[in-house]
Amino acid sequence: MAEQKYIMGNYAITRGAVEAGVRVVAGYPGTPATEILEGFTEYPHVHAQWSNNEKVALEVATGASLANVRSMAVMKHNGANVCTDMLMHLNFTGVSGGMVLVSADDPGGLSSQNEEDSRILVHTYANLPVFDPSNALEAKQMVKEAYELSEKTQMCFVLRPVMRVCHSRSDIPFEDCLEPEAAARWEDDRERYIMSAVEVRQMGGIKRPQARHRWLNQKYREIVDIFEESPFNHIEPGDGNTGLIGCGMGYTYVKEAARDFDRTYPVMKLNTLPVPERKVLSFIQGKMRVIVFEEIEPVVENLIKQLCNDHHLQVEVLGRSGFYASDGELTAQVVSDTVRRADPELRLRNEVPDIPLGIDVPVRTRTQCVGCAHRAMLYSVKRVARKYKGIVFGDIGCHDAGSFKPLELQSTIYCMGSSIPMATGAHFAGEKRPVFSIIGDSTFFHMGVNGLINAAYQNARQVIVLADNGTTAMTGFQPHVGSGVNLQGQPARKVDIKGLGESLGVHVHTVDPYDLESTRETLGKAVEEDGVSLVVVSAPCLLTASRKGEQPFEKRRVEVDGEKCTGCMVCVNEFGCPALVFDAGGEKVHVDELSCVQCGLCAQVCLQGAIS
Amino acid sequence: MKKDIAIVGVGGQGTLFAANVLCQYAMARGHQVLGTETIGAAQRGGSVISHMRISDQPIYSPLIPKHRADVLLGLEALELLRNVKVLNPGGFYILNRFCVPTVYSNLGIDRYPSMEEIVTALKRVVKKGYEIPATQKAAELGNAQMTNVVMLGALTKIDDFFEYSDIRKLVEEMSPPKFLKNNMACFEAGYSLL
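Residue numbers (numbering that gives the first Met the number 0), protein chains in the order written: chain D, 0 to 611; chain R, 0 to 193.
It is worth saying that the hints were derived from the structure and are not from the lab.
Fair warning: there could be bad hints in the mix.
Stated by the list, open to error - Okay, derived cross-link-like pairs now, BS3-like style, lysine-lysine, Cα gap no bigger than 30 Å in a straight line:
1. R:K177 with D:K554
2. R:K65 with R:K1
3. R:K168 with D:K547
Stated by the list, open to error - Computed footprint of chain D on chain R; a stretch qualifies when at least three of its residues, placed anywhere within it, have a C-beta under 8 Å from a C-beta of chain D:
4. 116-128
5. 158-170
6. 176-188
In this text, a Cβ means the ideal position worked out from N, Cα and C, and glycines have one as well.
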């Protein structure tokens, strides 16, 4: 019997790829997908890399596949957006060695800037086949199946695990690994791999894009047939004329909710895209209604509506398009409530009435860690931006919490690398106020560097604050091209940010954020400079440093002098370290000894000299 | 047999370690275990919850459905209150008498309820609950970070499903060497608090 291990869903995906003999894996960190790539460090025979963005990662994986080895690209949904351009060519060319793209979705946006359904991009738009797993074990099985089918059909397959699959923990069987065949074997195939507007002789001179589009449409139909027999779609009998269709985690919640139903319903598990049309028709025919449970968007619901229309079926198809919530994460509760609304006869066993708490439960928003260099940087930028009435454009990373209360510094947070170009646009709009952008190092190398090159070329006057903590902190400390190490922790070439800035002819400054005064002075100088100023704020992420037993600052025990503290709240309202607690009764601030890390920043912040 | 356990707190309080200990325990006893947790952005001082589902029947959802949890460990008072609806009426909670103010309460925009108000609200919803000063005890014994281990010790006192000696042994095996001695002291202290 195969050995079982209790592991995270992401590692089950890793294991599935290893068992399938994957050779090259590339990705960029993004919750909830990050650990999939990290998992490959356990298997040194696989080349695994953190690429500097998802488009690069997808291209690396495609190159490997065309060299006829099995490959994988790993990212979250936002990342899949980044690689759309490559995706819309890869779908037309097809692949050679089996290739799987993993795009993890985050229903509810628990760790994301948006709530988005990857299936629309990869299936509806790119016409690629998608597996939507109901749990971690199935995700692993799907990865293995995807490699087989990818080589059989020449299509890149997509796995779309949602956060509850990625971050579930369960027992997973470890089976034997397929011995990868001989090393890479490149074979030219210009009819496929040259995507250009060239005439195809054998097809009466139509252009290559049209010819490949025709191929893609044929493949799509072929895959519809393959999925009629897929082990990931099945029908479970039940009573009545209401059918429940569960897709991915939707199926899981249907099964969970059904434990409490006083009756059974026919259930269809539908975990592939395209949907197996004959199988779906056999399920819905004769039913009064079906309810589709799927994460995020009504993708399958709309396909079934289309099928009903094509086959003149009078079946009510209910789902995310309005019958139940069109946003947010599914739960067993959503399923129960929805089925009960459709079928008022349904009774739930073990129903527990909700008793009101009778008290408001305040929200808890995240903030920077106690002692984090970003808080110091944000505080300094805020002082300078306020003095010059600047507008601050934000970017993705831990520092984005500077846009929430109490600092409310950044005026925008969009997508990776958007800060510098947006500041450039505001500048050329004629905005008289100085423009700033704040971007982390990993984000800068991901996409921000394009914005910098453009800003330099356009001579768009602005101050760019590059928060350089040496890691991709928000997703759990992954190294990047500026870290000096690779995924495996081996030394790697490191981008010289200062040299890069100088080569572009922009003003470059380097400061230590823990020195508030000199940071402020440097930022003040940068605002006065003509053209683009790049202020590199350098200090290691406190969490990574402390794990190595290092301190980015000199430890300093602080106390609040109750006599001197006037309760002015500057340290709470303007700096906002969670270790500084305002005693509403005493109207003074005190230091919470249990959470203080003795960075001493608050002593520099206090205007009354009360903290020392 | 089924046991649904939720552990809640604020990012950085070690809910994950406590959850791992209980998972290993349940698996060693031959039960099926399925869990999930919030990680990622929630790590930075946000609300965190670990779900752990132990059963001899197939388990589907890694999320414990509302009103189905048997045990709720609250490493922080407000987070316990926020999540108390996960408990079934026969379940119980263990409250660590410890508050982490929120950004909004610190600014005076929200009011962080008093411990008495929190306990009153909890009692309104669930009959059975226990309160211990786990963080205070952990700090006395060397490090507030060991709150989670104090809570585990207390759990073994209340619920017979969790055998004191077996869980103690797992804490011992799973503790990093430099925390081992203090963790064991915290575990025993937790057991003695109730």
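We went through each hint and held it up to the structure:
no. : hint               : in the structure
1   : R:K177 with D:K554 : holds, 21 Å
2   : R:K65 with R:K1    : holds, 15 Å
3   : R:K168 with D:K547 : holds, 28 Å
4   : 116-128            : holds (count 6)
5   : 158-170            : violated (count 0)
6   : 176-188            : violated (count 0)
When the structure is compared with the earlier hints, violations turn up for hints 5, 6 and for no others.
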